[in-house]
Each structure stands twice: as structure tokens, then as C-alpha cells.
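*Asks:* Same order as they appear, the protein sequences are chains A and B.
Residues in the first sequence are numbered consecutively from 1, following the working numbering.
Residues in the second sequence are numbered consecutively from 1, following the working numbering.
Calculated from the structure, these hints are not laboratory results.
Every residue, glycine too, gets a C-beta built ideally from N, C-alpha and C.
One should not assume that every hint holds.
Label-pair ranges, simulated between beta-carbon atoms [as the list claims (entries may be wrong)]: (1) A/Pro-64 x B/Pro-50: 24 to 32 Å; (2) A/Arg-14 x B/Glu-7: 39 to 47 Å; (3) A/Ala-23 x B/Arg-73: 40 to 48 Å; (4) B/Phe-48 x A/Gly-84: 28 to 36 Å; (5) A/Leu-143 x B/Phe-48: 49 to 57 Å; (6) B/Pro-47 x A/Pro-8: 23 to 31 Å.
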Amino acid sequence: MASISLMPIETLERSLKERFPDAQVVLDRPRKASGAWFLDIALNQHPVIVQWQQGKEFGVSSSPEKVFGEGADEVYKDEEAAYGRIVSLLLSRTFTSPPPAVSLKELRKENGLSQAEIAEILERQQGEISKIERRKDVLVSTLADYVRAVDGELQIIVRLRDGRIRRVQLEDAVESNPRPAALAR
Amino acid sequence: MGLGKAERFQEFLKRLEKSTPASSHDDAFKLLGETLNQVEDEFTNIPFQPEHWQTDGRMYPPEEDNAREVEGRSDVIRYRHKAHNTFIRDNGAIEIRDVDGKVLFEKCGSDGRGVDLQ
């Protein structure tokens, strides 16, 4: 029997139908095969939307919010990783959360702080704060202090290929970079 | 500056509503793109980077890659987004629905006819 070559998203569709026979799994094919494919899944009314295109990763979203023209909340390199995350979302009935990207400057402004105020909290010159905000690469300890100064907490999240999410704890970060007095709580 | 997504979407629809009706699919497609990009450029500082698959917080207009046939309607093209479908008729009419089929916006083409889906 001749084997039919399936698109990766069609393989994913097949795997999900086997895993969740009671789920509604609908493949929304593009006009051209090279276009963007969508897979709409609903298990007990909990929705997950997958998007895929040749040469791109798998986008996975599950949200009660419907925002027009928005990209995927999460991306996974292959169907195995996407499958793991989709199964987890369907079984736990949880939602994905998009990571809104903000610059340090935007973060500061959102919290109603000026560079001078951040400088005072961090016991630095205002010019240094300006430089930190413009840098493409910042020390983790500097970033952590900056985030504390805007009343936040820096967390480093790693999303592994199989869909697991881990928070990274760096060793000796506090000892090697003592906090300014204003941040010590 | 600083409008939320819901407010920016409403602003996009308001501007789309006020615009001169399109007379062809291509005009309507261009109108959608220009109007949404104008709103996003005005009310956010998120750069236009449609090649990114993951959301950056910006709303993007339909692209050719999102096109789908509409059964029994060779005069209409459906553009799929994550949570919405945008229908464009060859007379320039536009209709936006969410993925559950709820109609969010309708605009007739220059001939006064809408997309007129069933």
C-alpha cells in the first residue's frame, strides 16, 4: 500500500484524535499547502488552537480572550513538543499566557518611575540607568536590581522542548552582587 | 498612546467603517492592512514584524498565507487568524467574525452589497 506523506500538523491532528477520541479536532487547511494551517481542538469546551506553517514552529494558544490578528501565545520547535503541551492544556484545562515584551524603559514608565527615581533606589547615577535601558546585554544581577526597583521580581523561565517549564535559580547571585541598601528588605 | 488591545481593535473598526468602501478584493485587502497598521503604529511602539510566529502584542492584518476557499462562494476569500476569520468579497465587501462565528464587523463594497454569507 502506498504511504501518504502527511504534513506535521496532520500527524499532530491524528495523534490528538487517537489520544482524545471525544475531543473536537478540526483541521483548517490553507488555500495553498505552503500557507498557515490551523488546528482547532476542544475537549469538554476547553479550546486549544494550533498554528503551523512549513519552515516555522508550532504555535499553541488557549485563551478565553479573542484578540484580532495576534500571533501564537507559545511556540514549540516540533510536533512532539507541541503535542505534550496541548495534552497538558487539555487535561489541566489551563490557559496559555502570551508574554508581552516590554523594554526596561517601558517597564519603568508603566510603573510611573523616572530614571532619577530608579537611580536613587539603586544608588547609581541617572546616566547609568539610561545606559542600562539602552543596552542589548545586561548582567542578570543588574537586571534583577532594576526589576526590584520597579517593585517586581526577576524570574528566568526556561521552556524545554518537551513542553516542561522550569524556573532557573542562579547560584551565588546575591553574594557576588550585594544589593543596594534601598533594596534590602 | 497606551490603548489596550480591545480599544485599539474598536479604533480599527471605527476607522474601517468611516473609510471609503473598496471596489475590489485587492482594495479591501489593502484597506484592512493600512488601517490596522496605522492604528498599531499610532497607539503602540511595537515594531511591525509579521514574520514572528509568537505574539509580540501587536495586531497584524490578514496575509496571503492565511487565505482559504469558501465553499460555494468563489467570490469570497476567508483569511484565518488565531481567533478570527476575515472574509473579503470580490466587490470589496468585508466581514470579520470570531472563530465561533459571531459577526463583529460588516462593511459593504462600493456596489452596496455585503459579503452576504449564510
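*Asks:* Does each hint fit the structure? Answer for all of them.
*Replies:* Consistency of the hints with the structure:
1. A/Pro-64 and B/Pro-50 have their C-beta atoms about 25 Å apart, which keeps the hinted 24 to 32 Å range intact.
2. In this structure, A/Arg-14 and B/Glu-7 meet the distance hint of 39 to 47 Å, their C-beta atoms being roughly 41 Å apart.
3. Between A/Ala-23 and B/Arg-73 the beta carbons are some 29 Å apart, a value that contradicts the proposed interval 40 to 48 Å.
4. Roughly 32 Å separates the CB atoms of B/Phe-48 and A/Gly-84, a value that falls within the hinted 28 to 36 Å.
5. A beta carbon spacing of about 27 Å between A/Leu-143 and B/Phe-48 contradicts the range 49 to 57 Å that was offered as a hint.
6. A hinted range of 23 to 31 Å for the beta carbons of B/Pro-47 and A/Pro-8 is consistent with their spacing of about 29 Å.
When the structure is compared with the earlier hints, violations turn up for hints 3 and 5 and for no others.
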